[in-house]
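There are 2 protein chains.
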Amino acid sequence: MIVMRKLSYPRDRGEINNLLAGRGFAVADERTELVNDIINDVLNNGEQAVLKYTARFDGIELDGLLVSDEEFKDAYNKVGDDFISSLKKSIVNVREFHRKQLRQNWFTYKNSAMTGQIIKPLARVGAYVPGGRAAYPSSVVMTVIPALAAGVKEVVVVSPPDKEGRINPYTLVAAREAGVDEVYKIGGAQAIAALAYGTETIKGVDKIVGPGNIYVTLAKKAVFGVVDIDMLAGPSEVLILADSSGHPDYIAADLLSQAEHDPLAISVLITDSELLAEKVDKELALQLKGLNRKEIATTSINENGLIILVDDIKAGSELVNRFAPEHFELLVKEPFAILPEIDNAGAIFIGEYSSEPLGDYLAGPNHVLPTGGTARFASPLNTDDFIKKSSIIYYQKKDLASISDDIIQLAELEGLDGHANAVKIRFEGNEFND
Amino acid sequence: MIVMRKLSYPRDRGEINNLLAGRGFAVADERTELVNDIINDVLNNGEQAVLKYTARFDGIELDGLLVSDEEFKDAYNKVGDDFISSLKKSIVNVREFHRKQLRQNWFTYKNSAMTGQIIKPLARVGAYVPGGRAAYPSSVVMTVIPALAAGVKEVVVVSPPDKEGRINPYTLVAAREAGVDEVYKIGGAQAIAALAYGTETIKGVDKIVGPGNIYVTLAKKAVFGVVDIDMLAGPSEVLILADSSGHPDYIAADLLSQAEHDPLAISVLITDSELLAEKVDKELALQLKGLNRKEIATTSINENGLIILVDDIKAGSELVNRFAPEHFELLVKEPFAILPEIDNAGAIFIGEYSSEPLGDYLAGPNHVLPTGGTARFASPLNTDDFIKKSSIIYYQKKDLASISDDIIQLAELEGLDGHANAVKIRFEGNEFND
Numbered sequence: 000m001i002v003m004r005k006l007s008y009p010r011d012r013g014e015i016n017n018l019l020a021g022r023g024f025a026v027a028d029e030r031t032e033l034v035n036d037i038i039n040d041v042l043n044n045g046e047q048a049v050l051k052y053t054a055r056f057d058g059i060e061l062d063g064l065l066v067s068d069e070e071f072k073d074a075y076n077k078v079g080d081d082f083i084s085s086l087k088k089s090i091v092n093v094r095e096f097h098r099k100q101l102r103q104n105w106f107t108y109k110n111s112a113m114t115g116q117i118i119k120p121l122a123r124v125g126a127y128v129p130g131g132r133a134a135y136p137s138s139v140v141m142t143v144i145p146a147l148a149a150g151v152k153e154v155v156v157v158s159p160p161d162k163e164g165r166i167n168p169y170t171l172v173a174a175r176e177a178g179v180d181e182v183y184k185i186g187g188a189q190a191i192a193a194l195a196y197g198t199e200t201i202k203g204v205d206k207i208v209g210p211g212n213i214y215v216t217l218a219k220k221a222v223f224g225v226v227d228i229d230m231l232a233g234p235s236e237v238l239i240l241a242d243s244s245g246h247p248d249y250i251a252a253d254l255l256s257q258a259e260h261d262p263l264a265i266s267v268l269i270t271d272s273e274l275l276a277e278k279v280d281k282e283l284a285l286q287l288k289g290l291n292r293k294e295i296a297t298t299s300i301n302e303n304g305l306i307i308l309v310d311d312i313k314a315g316s317e318l319v320n321r322f323a324p325e326h327f328e329l330l331v332k333e334p335f336a337i338l339p340e341i342d343n344a345g346a347i348f349i350g351e352y353s354s355e356p357l358g359d360y361l362a363g364p365n366h367v368l369p370t371g372g373t374a375r376f377a378s379p380l381n382t383d384d385f386i387k388k389s390s391i392i393y394y395q396k397k398d399l400a401s402i403s404d405d406i407i408q409l410a411e412l413e414g415l416d417g418h419a420n421a422v423k424i425r426f427e428g429n430e431f432n433d
Numbered sequence: 000m001i002v003m004r005k006l007s008y009p010r011d012r013g014e015i016n017n018l019l020a021g022r023g024f025a026v027a028d029e030r031t032e033l034v035n036d037i038i039n040d041v042l043n044n045g046e047q048a049v050l051k052y053t054a055r056f057d058g059i060e061l062d063g064l065l066v067s068d069e070e071f072k073d074a075y076n077k078v079g080d081d082f083i084s085s086l087k088k089s090i091v092n093v094r095e096f097h098r099k100q101l102r103q104n105w106f107t108y109k110n111s112a113m114t115g116q117i118i119k120p121l122a123r124v125g126a127y128v129p130g131g132r133a134a135y136p137s138s139v140v141m142t143v144i145p146a147l148a149a150g151v152k153e154v155v156v157v158s159p160p161d162k163e164g165r166i167n168p169y170t171l172v173a174a175r176e177a178g179v180d181e182v183y184k185i186g187g188a189q190a191i192a193a194l195a196y197g198t199e200t201i202k203g204v205d206k207i208v209g210p211g212n213i214y215v216t217l218a219k220k221a222v223f224g225v226v227d228i229d230m231l232a233g234p235s236e237v238l239i240l241a242d243s244s245g246h247p248d249y250i251a252a253d254l255l256s257q258a259e260h261d262p263l264a265i266s267v268l269i270t271d272s273e274l275l276a277e278k279v280d281k282e283l284a285l286q287l288k289g290l291n292r293k294e295i296a297t298t299s300i301n302e303n304g305l306i307i308l309v310d311d312i313k314a315g316s317e318l319v320n321r322f323a324p325e326h327f328e329l330l331v332k333e334p335f336a337i338l339p340e341i342d343n344a345g346a347i348f349i350g351e352y353s354s355e356p357l358g359d360y361l362a363g364p365n366h367v368l369p370t371g372g373t374a375r376f377a378s379p380l381n382t383d384d385f386i387k388k389s390s391i392i393y394y395q396k397k398d399l400a401s402i403s404d405d406i407i408q409l410a411e412l413e414g415l416d417g418h419a420n421a422v423k424i425r426f427e428g429n430e431f432n433d
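Protein sequence lines correspond, in order, to chains E and V. Residue 178 in numbering that gives the first Met the number 0 sits at position 179 of the first sequence, and the numbers go up by one each step. Residue 179 in numbering that gives the first Met the number 0 sits at position 180 of the second sequence, and the numbers go up by one each step.
What the hints contain is simulated information worked out from the structure, not anything from laboratory work. Nothing here was measured: the structure is a model prediction, and the numbers come from that model. Hints are not guaranteed to be accurate.
Repeated chains share a single entry, so a pair holds when one copy, or any two copies, can fit it.
What the hints assert, rightly or not - Straight-line distance between alpha carbons at most 30 Å, and here's what the computed DSSO-like set of lysine-lysine pairs gives:
1) K152 x K109
2) K288 x K87
3) K88 x K396
4) K5 x K162
5) K396 x K332
6) K77 x K397
7) K281 x K88
8) K293 x K423
9) K278 x K313
10) K288 x K278
11) K313 x K202
12) K162 x K397
13) K152 x K293
14) K152 x K99
15) K397 x K281
16) K99 x K162
17) K423 x K281
18) K313 x K77
19) K109 x K293
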């Protein structure tokens, strides 16, 4: 039984090119209009519109959106101590890693002219956490902890309620353990609009982070510019580059851990070993049977799974860079010799014990990662997402004097004599500054 | 004669709130559809579509889009040595400043588990430089130099041609002096689409930077996700916070240097000195008369200029943060005592000799800055815009073992037993790895 589609590179170059071209985010979508209508409704009608869409899409009529202390207490009563213990370890590791990303203000002198860069945290951030039946406490940790590590004072979580109007207790406990008390029962495009513009009871934020479904993603794109957003998330992906030293059972398990997310999830193995490819395929068939989410994983593996045979690992790394995977596992004999060749990847898992799920929960680095080939230009969610910089310029008179002719020259050439005057006036006598 | 509208804070709080709420980027615009049509046309029909829109909007039928060596030579013959000398000083200062923004890879160990962050430059970047009659060599410097400083190998410039099919010679010379040979004669939404998707002769880029008109801005928003973009630029702004120590003539000149850009440009003075406010107003009337771009500046000052009287400088800094200006001048007796209060500003000009035009050309920091209040969450263009990060995770067996129960617990709780299996399989005997 052949589970994964097999191609060879460079032989099947054309087909691989087509696959690569088909990934990524479309400029517009037939759902864009609906999403824009929802956003404008929330902008114009505030909370009332949010409640209307919550009734329509989440199937629950709510009176208020803020999660109460009572609800937090209920949540703590429902989750086990084991969960809280694992959650806390996750929070510690994620916090430690992200604190290392923090940066310093700096300034420099050139003669007596000072320039520099000031780092400040954003004031208020909203984290979107998917909801419904599943629990996503790890999404809370991965979006909230970097924001708090960066120094953001106000972090709020939004998550869609279930049909009883509740947010998953694991999500709530994760929020409180991470350090967030302000949680709203809203989801979809209406949640994004409420965060961007604010409503009667929800104060607008400066940035919205966290992945959601396509409506959430389109809404994030729409409000980009009003607020900042982290990225436009697409289906999750793993790409494994392995030579004959790879363990077929580990590789199959890691591919399936991706495939079980979503029928659209993409799992790819690139290898120079035909034997490994065959063994992985067999293992996939075996392991698929035992999965709870067998149907999702099977569809994903059959429709979006791919094994690419390459002549050597060097050709493999070229393909990795073209693919620019969200998750990348490097399973070769000398991974640190290959690592410098990898230009485009969200998170790089090195060696046989760095299974991708390790990065989803506990390792420390973020699991919110660029998808759809955007690792060419985008990064894992990190503390830089929660700060902004200001340049500073402090010139003394003699410093300005030393380059005033150059400024005047360039300004006049650009047709901006007001710019030139602003410099000239500082070196000409006049009634005020004598 | 009263030139600038005057308000008091907190007295006119309501009016100031309305002004602040009216800034920023709208989610949709009546021009969005036209822009999306152009983009899709370029996506589907490539160069032919680009040439069609160039004929329609720029009024010139071109055979090819790439600027030739001949055209570069002509440009060098047209510009003076003085220009090249000033340009070179600008390039040196901008390069020196931006090189200080560069960052290092890092890694850390927790027991024997390694995690870290790798920095890589983007592969290919496109810089949009406005064109038409005016010359914008400084836009070339400010977009190209940070990209090259960050290590980007391929930087291309696009700029709309004039009716003779030429790009401004100052722009061309600036491109070559900055280090760019690949310049295309394209502008508007069609230029953004060509950069995002590539055409028969233009290779697509990973990121598009540089400000343009509203069509360029809407197009950048549309292709965001396909490629990265720097920001959505709006009208330019300066806000000056001054006490009685401020020089009214310098302040008026700096306000006018903003106002001459565009009737929509915004120039604001916040002061606790009524006397200073009056003197600035008089100076504005005087200085306006002498400007070449008098009409633009007058419209801008009358319609979008504003003096706000505050009780004290502390109240003034609160307003600065709410305004989040693109350019901010801090003209008070002890500027470095006030500086820590300033959370939101693109570039901060400190002291009487740090006139805003200094930052436009020569000081070193970037002049591509967040407008419309987006300094709440956005930064000056900087080398971080031209790199991306990858996380690395390298766990040994014992490191994974120490947290495997936590991963399994969290994965199963999220309903992802495939994730749990990927960890379990590494600690269970099986046919392959014994």
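Hint by hint, here is what the structure shows:
no., hint, verdict
1, K152 x K109, "between (35 Å within a copy, 28 Å between copies)"
2, K288 x K87, "neither (33 Å within a copy, 67 Å between copies)"
3, K88 x K396, "between (55 Å within a copy, 18 Å between copies)"
4, K5 x K162, "neither (43 Å within a copy, 53 Å between copies)"
5, K396 x K332, "between (61 Å within a copy, 16 Å between copies)"
6, K77 x K397, "neither (69 Å within a copy, 32 Å between copies)"
7, K281 x K88, "neither (36 Å within a copy, 64 Å between copies)"
8, K293 x K423, "between (74 Å within a copy, 18 Å between copies)"
9, K278 x K313, "within (22 Å within a copy, 70 Å between copies)"
10, K288 x K278, "within (16 Å within a copy, 82 Å between copies)"
11, K313 x K202, "between (51 Å within a copy, 24 Å between copies)"
12, K162 x K397, "neither (69 Å within a copy, 43 Å between copies)"
13, K152 x K293, "neither (42 Å within a copy, 45 Å between copies)"
14, K152 x K99, "both (19 Å within a copy, 28 Å between copies)"
15, K397 x K281, "between (75 Å within a copy, 28 Å between copies)"
16, K99 x K162, "neither (41 Å within a copy, 53 Å between copies)"
17, K423 x K281, "between (78 Å within a copy, 19 Å between copies)"
18, K313 x K77, "neither (51 Å within a copy, 48 Å between copies)"
19, K109 x K293, "neither (64 Å within a copy, 36 Å between copies)"
Comparing the model with each earlier hint shows violations of hints 2, 4, 6, 7, 12, 13, 16, 18 and 19; every other hint is respected.
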